[in-house]
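Okay, here's what each chain looks like letter by letter:
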Amino acid sequence: MESNLITEDKQKNKLEKAFEILKTMASKPSGLIGLTIVLFHVILALISPYIVPYDYKAISPNTMLLAPSAEHWFGTDSLGRDVFTRTILGGRTALTVTFFGSLIALLWGGLLGIFCGLVGGKIDDVVMRVVDAFLSIPWILAMLLIVSLLGTSTEVLIPALGFFYGKGIVRVARAATHDVIAKDFIVSARARGHSNMSIIWNEIIPNVRDAILVEGAMRWSWMLLGFSSLSFLGFGVSPPTPDWGLMISNARGLMSFAYWSVIAPIVGLSSLIIGINLTADAFAKALGIDRSTKAPV
Amino acid sequence: MLLLILKRIGLGLITLFIVSLITFVGVEVLPGDACTTYLEREAYGAALDACIKRLGLDVPAYERYLDWASNVVRGDFGYSLSGEMPINEVLGPRVKNSLVLASVSILIGIPLAIVLGIITALWRDKLPDIMISTITIFSMTIPEFISATLLILIVAIWLGWLPGIVIIPSDATFYELLSNIILPVVAISMIMTAHMARMVRSSVIQVMASDYVQMAILKGVPYWKMVFRHVLPNALLPAINVVALTIAWLLGGVVVTEVVFNYPGLGRLVIESISNRDLPVVQALAIILASIYVGINLIADLMTLMLNPRLKSLQIRK
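Protein chains in written order, with the numbering used here: chain A, 875 to 1171; chain B, 26 to 343.
Quick caveat, the hints were computed from the structure, so don't treat them as lab data.
Think of the CB as a built atom: it goes at the ideal place given N, C-alpha and C, for glycine as much as any other residue.
Careful: at least some of the hints might be erroneous.
What the hints assert, rightly or not - Derived BS3-like pairs: lysine-lysine, alpha-carbon spacing no greater than 25 Å straight-line: (1) A/Lys891 - A/Lys902; (2) B/Lys151 - A/Lys1159; (3) A/Lys996 - B/Lys32; (4) B/Lys151 - A/Lys902.
Unchecked claim - Covered by chain A, according to a simulated footprint, are these stretches of chain B (three or more residues, beta-carbon under 8 Å): (5) 169-176; (6) 276-283; (7) 293-306; (8) 310-317.
As the list claims (entries may be wrong) - Just a few of them, taken from the derived set where beta-carbon distance is under 10 Å, the chain A residues facing chain B: (9) Ser901; (10) Ser904; (11) Leu906; (12) Leu992; (13) Ile1011; (14) Trp1013; (15) Leu1018; (16) Leu1019; (17) Ser1022; (18) Ser1095; (19) Ser1123; (20) Met1129; (21) Tyr1133; (22) Ile1148; (23) Leu1152; (24) Ile1163.
Work out the full structure: start from the sequences and follow the hints.
Shown next as structure tokens:
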């Protein structure tokens, strides 16, 4: 009974803490704007399949390259498809791919980083060398190679993005682990005879979680940038899927007279990336982590 | 000091060695070898045999790696599949073009970034800072292909000032390049400047808050003398490393920018060789781009070592 009470209390504390962090983030205009944009995009992504006025893949020669009007709010593209429909569905694609990609990146990057930081020695040296080597291959080359050999389905894209954006998290998690590893409570946990697993789970993760989450939030926006760049180059999701990068690259050739079909996805993508960035910055500040001096690696 | 430098160089070489292993193993492990991926449906009979012979795919993988690696060390990247010519000849003009683009962007970007970073730091949270910071945040978060596309839309199509895409062959002369390069340079240096200006800003702010600057203020050192004598040298030093990382990170962005502007550099070669499934060229590009990354970081490390007065005095004491 008593222990039950404690866990309940803990959970309430956690919720309260999360709420507190959100409040701090929203207290500054930039954080509030960022949160609003992200929330708007997430809601739109969740409800978009039910509210779109047209079929996103319905091709029609009668409605090619129409200017924005009451029927087609953002006009139509070169195949006669409604740009409004495709733009709001594009957000769904982008958010799904990058959300699961970031999750994978956080999991493997965070755990490997903590492990390396804890174990140290030879294993740590070798892993960090390999991570450094991966960092020095431009992400775009590696991604293109994987995608061109394995195909561009989301089942390939999500793990590939997750893998490539996780290697930076390894470093952050490792550095954060190094910071806590010498603290007394770890030493005493060792003295109590706790196993490595138990130390990682109970002592290290609660202390490095903030740093890793902040890094993950930042990675999310970079992953979105990377994913849309891939689509733009024609190596992302395949054509009928509504996707911002793909839409921009298709509409680019005709933008001298049909600029609407390129502007709509540009506004969508830019606003989401800026929103995520502002949110991540506010998140970092709310948790008291300064990452303004870090390089974008 | 010398030992430290040698150690850095050694680490860089180890990284390159691992990169070469990764790219080689990657190409090896992924389904299909260079010949079957390149020939696709025609991968049978005499054509396949000839291709396998030419690339030497009939010998074991580790022998091929040793062979390939020793050739790369001697500066020979082998044969391009689609171009049917030595990769060195394919690379030559592309490297030159990309170097021109990159160096012009860097020459504009770095001084501009330092000036903007200092201005925003000294007038922190005042109007100049708010304005410049907003612009830098925008230009560093928006993807390269969007800012490049918008530049084309506004400057080339709506205003009609400059040609929107570059239509020059890859062996164009230096002068031809320069006249075509304006928009790509603007697109690249915009993002680069934004990143570096942010870092210079936070670095200057940090130094301004340090004890020795407070001391200088209390001693009555004139403001500008203090800024130039005490703040800047200390603030720009740590920024060097970060700037190097930014430049290296932008290698990916340069690929996209070159594609948008149809600029015949290394970046477009990346896309072309991957579309053509020309794996030997892809391998060569991976090594070259990784060497650039490692090289830039090495130079930055060495510069920081040499410019850091603390390390010098450490040396003397020893």
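Against the structure, the hints:
A C-alpha spacing of about 18 Å is found between A/Lys891 and A/Lys902, which places the hinted pair at or below 25 Å, so the restraint holds. The hinted pair formed by B/Lys151 and A/Lys1159 meets the criterion: a straight-line CA distance of about 20 Å does not exceed 25 Å. Taking the CA atoms of A/Lys996 and B/Lys32, the gap is about 17 Å. The hint holds against a cut of 25 Å. The hinted pair formed by B/Lys151 and A/Lys902 meets the criterion: a straight-line CA distance of about 16 Å does not exceed 25 Å.
Counting residues of the stretch 169-176 of chain B whose CB lies closer than 8 Å to any CB of chain A gives 5, which reaches the minimum of 3, so the coverage claim holds. Given a C-beta distance limit of less than 8 Å, the hint that chain A covers the stretch 276-283 of chain B holds, as 4 residues qualify and 3 suffice. Residue count for the stretch 293-306 of chain B with a Cβ under 8 Å from a Cβ of chain A: 5. That meets the three needed, and the coverage hint holds. Given as covered by chain A, the stretch 310-317 of chain B passes the check, having 4 residues with a CB less than 8 Å from a CB of that chain where 3 are the minimum.
A cut of 10 Å between beta carbons decides the hint on A/Ser901: the least distance to chain B is about 16 Å, and the hint is violated. For A/Ser904, the suggested interface contact is upheld, since its CB lies about 9 Å from the closest CB of chain B, less than 10 Å. Here the hint on A/Leu906 is broken, as its CB sits about 15 Å from the closest CB of chain B, past 10 Å. The interface hint given for A/Leu992 is violated, since its Cβ lies 23 Å from the closest Cβ of chain B, which is over the 10 Å cut-off.
Among the interface hints, the one on A/Ile1011 holds; its C-beta lies about 5 Å from the nearest C-beta in chain B, closer than the 10 Å criterion. The restraint placing A/Trp1013 at the interface with chain B holds, with a minimum CB-CB distance near 5 Å, inside the 10 Å limit. With its C-beta approaching chain B no nearer than about 5 Å, A/Leu1018 sits inside the 10 Å limit, and its interface hint holds. Taken as an interface hint, A/Leu1019 checks out: its beta carbon lies about 6 Å from the nearest beta carbon of chain B, inside 10 Å.
Annotation: A/Ser1022 was flagged as interfacial toward chain B, and the flag holds, the nearest CB pair being 5 Å apart, inside 10 Å. With its C-beta approaching chain B no nearer than about 7 Å, A/Ser1095 sits inside the 10 Å limit, and its interface hint holds. Interface hint status for A/Ser1123: upheld, as the beta-carbon distance to the closest one in chain B is roughly 8 Å, under 10 Å. Residue-level restraint check for A/Met1129 holds (minimum Cβ-Cβ distance to chain B is 6 Å; threshold 10 Å).
Given hint, A/Tyr1133 at the interface with chain B, holds; its Cβ is 6 Å from that chain's nearest Cβ, closer than 10 Å. Below 10 Å, beta-carbon pairs count as interface contacts, and A/Ile1148 has one with chain B at about 5 Å; its hint therefore holds. Of the supplied interface hints, the one on A/Leu1152 holds, with its beta-carbon coming within about 8 Å of a beta-carbon of chain B, less than 10 Å. Given the 10 Å rule on beta carbons, the hint for A/Ile1163 is violated: about 13 Å separates it from the nearest Cβ of chain B.
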